[in-house]
Structures are given as structure tokens and as C-alpha cells.
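Enquirer: So the chains spell out like this:
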Amino acid sequence: MASINELIERIHADSSEEIVTEYLEKIEKSKLNAFITVAKESALLRAKEIDSQGHDGPLAGIPIAIKDNISTKGIATTCASKILTGYIPPYDAHVIEKLKEAGAIIIGKANMDEFAMGSSTETSFYGPTLNPWDTTRVPGGSSGGSAAAVAGGEAPLSLGSDTGGSVRCPASFCGVVGLKPTYGVISRYGLISYANSLEQIGPFATSVRDVATLFDVISGHDPRDSTSVDRETNYSSALINDVKGLKIGVPEEYFAEGTDKNVEKSVRDAINTLEELGATSVEVKMPHTKYALSAYYVIAMSEASSNLARFDGMRYGLRTEDSDWHTTFSQVRAAGFGDEVKRRILLGTYALSAGYHDKYYLKALKIRTLIKQDFERAFRDADVLIAPTMPYPAFKLGEKIDDPISLYLADVDTVPINLAGVPSISLPCGFSGGLPIGMQVIGKHFDEAAILRTAFAFEENTDFHTRQPEGS
Amino acid sequence: MITKKDLEHIGWLSRLELSEEDREKYTPKLNSVLDYFGELDKADTGGVEPSYHVMPMSNVFREDVPIASLSQEEALSNAPKNQDGFIKAPRMM
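Residue numbers (my numbering), protein chains in the order written: chain A, 1442 to 1913; chain B, 59 to 151.
Careful, some of the hints might be misleading.
To be clear about the criterion: a stretch of chain B counts as covered by chain A if any three or more of its residues have a C-beta under 8 Å from a C-beta of chain A, and this derived list gives those stretches [as the list claims (entries may be wrong)]:
id	segment
1	97–109
2	114–128
3	134–145
Source of the hints: derived by calculation from the structure; they are not laboratory data. Where is the CB? At the ideal position from N, CA and C, for every residue including glycine.
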């Protein structure tokens, strides 16, 4: 699997067109269903332009896959939903503008759970994506296409979005590196909202270095997102192979019952490895973790019920036969949304409705405050926290999809991070029965430098990230 | 506990037409999720302020100067029904 630096060398020696053609051929032959749309013509056109005119951007001529909930001008953007059939955005998301400035080439739009609601990429209207390590298993979700494309060698880089773990979960299940930044670091302009107080766009790659390079390109202030923060950053400079004196917090609540023994062992071994390199570890208490999953789902569904009100068949997407005003909207939405999206809209509407608002929504927001305080306390004793990303390796296709609760439970270690808005990076730290295991390194608000440095040092001293699925 | 009758009302509030079969199918699943949310009651949140957002954010203002936006043609390019430069909506009644 080629790194950004190797690809740049090859582009200089050969051409971007050759590289892009190779990836396109790989996608065409693939059975993973990682892409909803392949932007073959525009990608080749742009590659030729870069070859003939030159480009001095940090990603000049390098292909990238984009999760299909990020708006790309002129390229269909579906959110993996029937309701956005035929929608072609007339503008680019902020991150897409940044990628284009850097010379990156959009090779296609990656498959996902419908409207990013899921942890397995099985709720896509366009069919599930398969895990490159075992095609009878899910790639994780909701950014499953983005992770599978990188793990399967169909794109060297990709973007996903993480509302409750949707970058870290598929990174863990597919054995790649994925970062959920601090809330506000990457502009959400052009990201089609699911639960906007929780979600961030995040980069995927096969190494921490490439994730940092991509993160440097797409982060930064954007006045079109009122929650975007204005800070000078250079994440690549944080990549130092040295963890001497680093204090690692280990939240025992993240190793709770239900955590696979091999997952627990791999993550604890990883902490030992970092200790051998000069870090120290301390147990930290995060007593409200057990309420995080319920609080997360109440908030996410409530926000979703409001955000998804815009899909009414008027301005874009599916339109059914006209009847009166309310009936038309109700029918468009009934025909366009899948079951999981409908369930979340219904529950979110219920949680916000008169008589239930305080019991569910307000209660969840108060628990969110307690979770935030858990993190603040933990970071008094530690520079970073390390925990499993997922409680187990990738599960079988169809195993959990009919039981919402069992699927939601998979997110138990990822959702607290979004409730608190802190950054977290998932990277490979072991294998179990041939399936990758991921650990997450969690940082203080805006301290991406500490988690990138920790992840980089681990990667430099281990070789889990170099293993590849067969055929990739 | 949501009944099939409640679901009809929630469906209306959500502008989601639900068939009899849908209501049959969704009711037990929605109730199993609500049962799980019952966990929330166990948390002591006395005197705790809600966090609508993770960052201490206040209103963000900009200068009131016009900037370029989509043309009418671009803005209408995805509307399934449009006429004379307008989006065509279904009748009100």
C-alpha cells in the first residue's frame, strides 16, 4: 500500500494519470462495494491537467475517496439514501475546496450507512460494503466505504464523518488509521447534517503520517460554519517518535464486560509497549460512561429528526405524485427513507415532543455535561487516554442489523468522545483470528498534537499497520 | 411505552406516512430502544446544567456585506418540479 510520499515520487517519475488509472482499475474489479459513485472521467481529466500544468500542492495528483454525505460540486451526493436520488450538489464542501487547492483528485464517493446512521454500512440503499479482511463481515460504519477503500487498496486516502464513532469504528474494523478531530477544527460546511452538535469530518489513511498530512490540508477556519474555530495549526510537526514522560490514562470503564478478550489484551499490550518507550500509565475513573450510549442516541436522534426535516422532495431528490401539501411530504419521506432512518426520526420526534422533552432530551443533555466533566477530571491526571475503539473485531454481515439495541451497543466506547467533543484517533494495535483490532488514543480539546505523537510513536515501533488484507 | 396509536401521531408530527404494516413492524423495535433509554433515569442529574454544545460558544456575527451565492439556475437545478424560475410546491389543501 503506497504512502503519500511514495505516490508523489511515482507521480514525478510516471504520471498522476497512471496512478489514477491503476486505482480506477482496482475499483472496477473490486467486490467490496466501497463506492456509490466512481468519478472516472473527472478524475482522469484532472490528473491529465496536473500532469501537463504541474501543481505544487501537498497532495498534487493523489486520488482520494469522499464519504457520500460530503457535497461535491458536479458529482452525485446521495447519503446512501433513495431520497437523494439524482441530487448533484451545485457547490463544494469546505473540505473539498481545500482538497482541490492541495491538488488532490476525487476518485469517487464512498458508501456509508444511510445518512450516517449505523455502525456497519448495512443500511445503505446501495447495498452493504464488505470488509476487505473477510468479505462475510461488515467493514464497520457509518464511513464503511471510506475505510474499506483505503484498506482494500482502492484509494490511498479518504474522508469520512464521525458523529458517534463513524470514522473510528470502520478504521478499527478495517485495520486503518482514522481521526475524529476536536469539534470545530474542520468546517462542516457542505457536510449533510445528521446530528450537528456531535459530528466532525475526519481523515483515513494507512499511516498516522498520512492522516496528519491530510488533516493539515482540510482543517482550518471557515466563516460559513459558525462552530468553526480559528487556530493556527501544523499537525505534521507533531509527529515525533518520542513518548518519554507521556502520562497515559486508562479508563477501566472502556474495558467493561462484553469486551472481547483479544481486544482487551491487544490494547493493554499496546499500553505496555508505550511504557517500554518511556511513557507511564495511570488508571482514571470515568463513572458516567455507562449513561453515554443512551444520552448519545437521544441527542443524535433528536437532532436528526430536526435536520432531516429538509428532505421533502421540493428542492432536491425524490418526488412522488403530488397530493396536498402535508400528504405529499409524508409520502415522499415514506418512499425515500429506509427503516433505520425512519426509526431514528420517529424516536427523535418523540423525544422532543410535548411531555417527553424533559424526560429524554433535557436529561440526555445534562448527562452530556457529566460526561464532559469525566473527561476534564481524567485529563488532570493524564495527557492522553487509551482504550479499545470497538469492544470486538468486525462482526458478520446480518448478525446485528435486525436488532437495533445490539447494533447500538457496538458504539459504547466511541460515543462518549463525541458527547465531550474531544479528539480521538483509532489505529491498528493487533489481530484476532485474522481480523484487525483498533485502539483509540483520546486527547484534550484541541490537543491533536498529543494523540498524533502517541499514535506515531506506537506505529514507528510496531508493525501492525503494515499488514494488509489478501488481494489489496 | 409507545402504542400503535401513538405511532400514528408521531408519524404525523414527523411527516412520515406509516402503513398499518409499518406500525406493526416499528412499534416493538421503538419500544425496545425506549426501554433501553430508561437507563437515563438512574443518573443523578440534580443541579446539573444541560450541555447543548461542547464548546462555550456565543453568537457569531459577520459584517452585513453581500457575497456571491448560487445563481437562480444553480439553486433550481435539483428541484424536481420548477416553473418560471420558482420551485413548484404541492397545493396547500
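Enquirer: Each hint should be assessed against the structure and marked as holding or not.
Expert: Comparing the hints with the structure gives:
1. As drawn, the segment 97–109 of chain B meets chain A at 10 residues by the rule of a beta-carbon pair under 8 Å; at three or more, the given contact holds.
2. Only when three residues or more bring their CB closer than 8 Å to a CB of chain A does the claim for the segment 114–128 of chain B stand; here the count is 4, and the claim holds.
3. With 6 residues carrying a beta carbon less than 8 Å from a beta carbon of chain A, the segment 134–145 of chain B meets the three-residue requirement, and the given coverage holds.
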